[in-house]
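S.K.: Now for the letters of each chain:
Number of protein chains: 4
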Amino acid sequence: MFGELTATTPAGGDLVRLAEGHVATLAERAGRHDRQNTFVADNFTDLRDSGVLAACAPLRHGGLGVRSLYDVLVAVSRLARGCGSTAICANMHMASVWGQVRRWERAEAAGDRSTAARLDTLLEALGGSDLIMAGAATEPGASWNGPLTEAVRKDDEYVITGRKTFVTNSAVADSFNVAVRVADADGGWRHAEAVVLAGTPGLTVLGDWDALGMRGSGSHGLLLEDCVVPADRVTLGEPFGPPTVDDLTRSCAVNFPLLGASLGIAEAAHLIAVEHATRVPRQPGRAAAAHHPSVQREIATMEVDLAAARGVLERAGRLVDALFADPAEHPVDAVHDVVRAWQTAKLLANRTAVGVVDRAMTICGGASFSSRHPLSRLYRDARAGGFMQPFGPLDGYPFIGRVALGLDPSAD
Amino acid sequence: MFGELTATTPAGGDLVRLAEGHVATLAERAGRHDRQNTFVADNFTDLRDSGVLAACAPLRHGGLGVRSLYDVLVAVSRLARGCGSTAICANMHMASVWGQVRRWERAEAAGDRSTAARLDTLLEALGGSDLIMAGAATEPGASWNGPLTEAVRKDDEYVITGRKTFVTNSAVADSFNVAVRVADADGGWRHAEAVVLAGTPGLTVLGDWDALGMRGSGSHGLLLEDCVVPADRVTLGEPFGPPTVDDLTRSCAVNFPLLGASLGIAEAAHLIAVEHATRVPRQPGRAAAAHHPSVQREIATMEVDLAAARGVLERAGRLVDALFADPAEHPVDAVHDVVRAWQTAKLLANRTAVGVVDRAMTICGGASFSSRHPLSRLYRDARAGGFMQPFGPLDGYPFIGRVALGLDPSAD
Amino acid sequence: MFGELTATTPAGGDLVRLAEGHVATLAERAGRHDRQNTFVADNFTDLRDSGVLAACAPLRHGGLGVRSLYDVLVAVSRLARGCGSTAICANMHMASVWGQVRRWERAEAAGDRSTAARLDTLLEALGGSDLIMAGAATEPGASWNGPLTEAVRKDDEYVITGRKTFVTNSAVADSFNVAVRVADADGGWRHAEAVVLAGTPGLTVLGDWDALGMRGSGSHGLLLEDCVVPADRVTLGEPFGPPTVDDLTRSCAVNFPLLGASLGIAEAAHLIAVEHATRVPRQPGRAAAAHHPSVQREIATMEVDLAAARGVLERAGRLVDALFADPAEHPVDAVHDVVRAWQTAKLLANRTAVGVVDRAMTICGGASFSSRHPLSRLYRDARAGGFMQPFGPLDGYPFIGRVALGLDPSAD
Amino acid sequence: MFGELTATTPAGGDLVRLAEGHVATLAERAGRHDRQNTFVADNFTDLRDSGVLAACAPLRHGGLGVRSLYDVLVAVSRLARGCGSTAICANMHMASVWGQVRRWERAEAAGDRSTAARLDTLLEALGGSDLIMAGAATEPGASWNGPLTEAVRKDDEYVITGRKTFVTNSAVADSFNVAVRVADADGGWRHAEAVVLAGTPGLTVLGDWDALGMRGSGSHGLLLEDCVVPADRVTLGEPFGPPTVDDLTRSCAVNFPLLGASLGIAEAAHLIAVEHATRVPRQPGRAAAAHHPSVQREIATMEVDLAAARGVLERAGRLVDALFADPAEHPVDAVHDVVRAWQTAKLLANRTAVGVVDRAMTICGGASFSSRHPLSRLYRDARAGGFMQPFGPLDGYPFIGRVALGLDPSAD
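If you're matching them up, the sequences are chains A, B, C and D in order. Reading the first sequence from the start, the letters are residues 1 to 412 in my numbering. Reading the second sequence from the start, the letters are residues 1 to 412 in my numbering. Reading the third sequence from the start, the letters are residues 1 to 412 in my numbering. Reading the fourth sequence from the start, the letters are residues 1 to 412 in my numbering.
Rather than coming from a laboratory, the hints here were simulated on the basis of the structure. The structure displayed is predicted, hence computed values, not measured ones. Glycine included, each C-beta is placed from N, C-alpha and C at the ideal position. Keep in mind that the hints are not guaranteed to be accurate.
Listed next, the stretches of chain D that the computed footprint assigns to chain C, with coverage defined by at least 3 CB atoms under 8 Å from CB atoms of chain C [as the list claims (entries may be wrong)]:
#: 1; stretch: 67 to 73
#: 2; stretch: 184 to 192
#: 3; stretch: 231 to 242
#: 4; stretch: 283 to 294
#: 5; stretch: 357 to 365
Listed next, with one range per pair, are the computed distances between beta-carbon atoms [to be verified]:
#: 6; chain 1: B; residue 1: 285; chain 2: A; residue 2: 372; range: 43 to 51 Å
#: 7; chain 1: C; residue 1: 285; chain 2: D; residue 2: 156; range: 28 to 36 Å
#: 8; chain 1: C; residue 1: 174; chain 2: B; residue 2: 21; range: 56 to 64 Å
#: 9; chain 1: D; residue 1: 332; chain 2: C; residue 2: 275; range: 49 to 57 Å
Interface residues of chain A toward chain D, partial, derived using beta-carbon atoms under 7 Å [as the list claims (entries may be wrong)]:
#: 10; residue: 50
#: 11; residue: 281
#: 12; residue: 290
#: 13; residue: 296
#: 14; residue: 304
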């Protein structure tokens, strides 16, 4: 596809080629999963088998050793051309693997043998895709950075109670990384992440995912009622407060490549519109719609919007990859600048997906309003992006503006 | 609701008040019809009982005597605040009644007693809402002004074969006004309208309506296989060609008030967003979202867009009503100017519906992405407007531009 | 011009016709005033002679008795088709007369004979256009509602010191209504308006107007150095604070009709573009540019934008006129709603002027980039609107959003 | 400046650093040249002295050996931060040198000794900046690809007559590359380029440049009345027709880097707005404007727009540089794809310049409407981009749309 994004590393290139091999099958199945509101389990298995899911694991753990989050984004965009739900499911797992690899590397570098060994074992499982980890961060009525789900220390265990939403992959996850709060000695709250295994008593995957779009992603609610977890499965973080450098970079590693879903959805719509316009006349017996100046104008506008989205994603990707390539502590301002670029890309990519699908429907006409038409699914899938972490337009614009003005982006 | 459109005639005012009385019930039922993809039969019955459906019939035929199409538009916008599907169903019937009244008046004025008598009887039935007439105009792959469905003359009957789509109200219609073509002596085609009664052998309501939005409108396909119709039920029109003044005014009488659906959907979304923002904080324990500057900005932008849509609808309505109030033949240019104003309003109203719903979702956050949230229905219903007759953006812009430049809008 | 706004009262209709009679001459002179940066004194004289300037004075004072501010706006828009600078100059004087008439009526109604008599005399002068009053409100670095220019009471006089900018008509004004602050007993500030006659010692019209656009408006700075004014020429107002109902309505009476300038500029550009496109081919020997689909698209987009601006102006005008027609005290909320509608119209009208001129230049091509081309003046004049009182986008959006959300628009 | 474009080659990096060294001086002088409508001769001399103008000449000819047109664009964008006029003047000369170097390399590669020797001498002069070459392409009323200026063969000379506009640098040019037409034997026309030396009898630089913006660029008209030129100074090209691959690539080499002017103007406006907002309060005694949410929103929107423009420019630059790096004949489709990317970037960069300056004025308020304020110059300079070669929006959208749809972009 002209102008499409391409991987920047050889390993990333391998991943993108793998992803491209799945597109046709994903596209074929997308309508059924959407209509039946079923998790894309078949796709997930295919991606596991082909090696996409484990791509970020090191070669020795059975992965491709992909380090570039931008390259992951490119692969996610390819998957999204076939099925947006599958793309975000794959991203969640790939990003999870990517994060564990970074932890393992840090442990190795620090000479922390026991952690390294534990993570080595974990990566064996992830590299073989024998283990699916889902992140459980979002809660109804809470900000992305202030969970209400609480873990209470009891001896050498934690008891966890709360409710999560949008838990992508929850249908097949073996383990959940649950963002919780833990009471501090001083009466405040502290962030923590609890690893809760599937099957833990009190843990219920609600099976209630029924959304406008991304219906195949199995993003069910998760109910935690007095779930008991060994203390060493709970990693304490910082006290509650405005997002820290760590919060932002952690979110970036998961949510930056996720933007590929918005791009891929827009690209799929563009391909459908071009195919339609070059094949179907607007009236019987006339030239193909492509010859109509209004169709050319809509297509050109889509091209401009796609080009802009790709351009900002590529340049943001370079900054994101540079941030993670450098093991040093990053000054707050430097991280805010990367987040500024990332959120700029997010606003544009999310908006472009909605806009490009809308124009594609205009070109394809009333037929695309049918539930059976792929554009009617893309129209719904495209709207998901704006709700994804960390910022939608309400918080994204102020963040970008404040950083550009040299202000603390967390202040209000 | 601040800035809402209001009726310009006393009869129209009565209709709008009637329509407003239905909104709460319609809103209550909208989600179910949408989920179950069922025709809004209960609403249709309610509107029949309250007198909304027959509002355009003269008082002596049991109606309210509403003549202003703009006032019908205002009433349709109120209904759409509760349920977009019901709004378009009601519009189709009201516009149909409105058209028969104009025919009856013309027959009366011309002293054509027999036609007047026949229409008088028809209006009795319509005024009592004992008769539901559906229009069957659109066909897959054909332009709005060149039907492929054909009526072949055989003695004093016509045999009709073809396929129609988007036949709103087809689930309950007693009679269909089917746009057909009839072979001309010279080998060309001529427009015609055939009245085909429900139950005619060969006529099948396909029951296949399953669309992205407006799911309660029962806009099924209609199959006509050798349907035999008495010749006096077929009214011959002009030879095929670019849209004539008659084509345009006939379409205007049905499709101008339909724009109320786009406005009402936008208004419903705006009301939901304001209600949410003034009630729910963006984070637990904080002030209501309304205090967030970004929320105020989105709301203000919605206000600007709504104000623009209302302004152009009102001004176009004045021209439309003036056109129909004047019984004289209208010069082509005068009609093109009215259509220019109407299509300007259509582009803006259709676009505003999509844009305002999108912003409302931004304000309401991830919860609005749930299938159970009314905004997720409005997001889908809003997209229907752009596909409605006669022009979407592909043809609407050239039409407006050409008329403004003094060119023949039909040329290409 | 198709779709143009029209007056709503007979007196307003007379005014609009008068204004239309000036357009050709104004257009002829506009380039010269712009290039030479000279006040439009000749136009001002013409408008005085024809009766435009005094139109809001009662018949008995020699005016037309125009009461509708909307009708004034329509007239201002006609003048702006010829010359934006002249349009705003005329507006400032017409609005000033309008305001004095309301004061006189209130005095009459209240039986305040002496005030009525004084205003009667003033209106004699204004009605004969023997007196030009300019408003001096804006100051560099101060908000529209918190002047730094100060009037200090000394016995039965006030001594005024400060500096004003954007004093339209200052070149020919006989008298200035200067917004000042007066120290309160409690240490705070109070609003006041001082009438300072031209020729008062210490008063200097700086003659420094040299701006991007509206160059003919003579909007010089005004320097007040110890200007002594009799106490009865200073009207005390309310203590400083957020804008009150009085502040807003007073500003509305001056600045609502001023929006006609933005509309008229857009209309002038549209007319130029249509004339060019229908006359000039894009390449030698080809059909006129009007036949190019891209030109039709730009023209259509201009039509949509103009229609939206006109629609919101008309509907806002109805609210504004209703507000002033009702002599009762208006509740704060009702006034805020009118201001909401007015500011919505302002945002849209200001933006439309800039956008329509831009598209007109695209149609007319490189020739319009020449200083001699009228569009290169309109491009600059159009940008003035966003800076006009009371709100630009930075404050307009929050005002509209807060009122729509039921919040106090003055809070921050 | 965060997110700014950077050179991709070492030589390009040197050029960009040189360009950055000029910004402050250029900015200082920009207002004066704009007001006085004088050619930026002083800046031109400075750029000659520093080596910017000759940067594309090989090292052996005294240049920096810059080959990347993208790097030239980056340098042009830096110059435009100081002065848009100077930036386009510099671009015209740099691109001219760049083009001669490519010709010289082709002659060397082809073993065409005499041409190589001639160009070697020319490059000596250009490398020392002893020779200024201006392009004279545009004509009033003619398309960019069909000049009316005609060269008539008479023995071993050509006699040239015609009129050119927008001849940037004409005030100081030693030589003009004039696009002409030559009659073909078959009665049609053929493209040709004539090198006309300053001082040739019949050649008049009209000194008539007086435009809305870019006033310092000395883009006068050029009158050619029976100018006699030796035949070897006229290079014949292809017969008239739709733009060929050669036409497009030749235009690209000059006009792609020119887009840096639009970017630099936008960046200058952004810097001014940020500086203002962080320094000046919106009301006396309040926090700096940067703390106002509306200001943050405008700044963020500018950031998004700038990021998009930069992203598409960078990606288009990669394609442009790759096209020229490969000496092979390029298939038509490949060239059309590069032009598609370039024109996408052009539309976005031109539009971004206008939009970002507009927002900067909103932030800086009424003061920026003064002729003395740099934004009031940037507002005018920014509008030039849309008129530049080869396509504005009227032709750019159709070109992009047709190529994307697989159609011949030249057809209509």
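S.K.: Does each hint hold? Answer for all of them.
M.R.: Hint check results:
{"no.": "1", "hint": "67 to 73", "in the structure": "violated (count 0)"}
{"no.": "2", "hint": "184 to 192", "in the structure": "violated (count 0)"}
{"no.": "3", "hint": "231 to 242", "in the structure": "violated (count 0)"}
{"no.": "4", "hint": "283 to 294", "in the structure": "holds (count 5)"}
{"no.": "5", "hint": "357 to 365", "in the structure": "holds (count 5)"}
{"no.": "6", "hint": "285/B <-> 372/A: 43 to 51 Å", "in the structure": "holds (46 Å)"}
{"no.": "7", "hint": "285/C <-> 156/D: 28 to 36 Å", "in the structure": "holds (32 Å)"}
{"no.": "8", "hint": "174/C <-> 21/B: 56 to 64 Å", "in the structure": "holds (60 Å)"}
{"no.": "9", "hint": "332/D <-> 275/C: 49 to 57 Å", "in the structure": "violated (38 Å)"}
{"no.": "10", "hint": "50", "in the structure": "violated (29 Å)"}
{"no.": "11", "hint": "281", "in the structure": "violated (14 Å)"}
{"no.": "12", "hint": "290", "in the structure": "holds (4 Å)"}
{"no.": "13", "hint": "296", "in the structure": "holds (3 Å)"}
{"no.": "14", "hint": "304", "in the structure": "holds (5 Å)"}
When the structure is compared with the earlier hints, violations turn up for hints 1, 2, 3, 9, 10, 11 and for no others.
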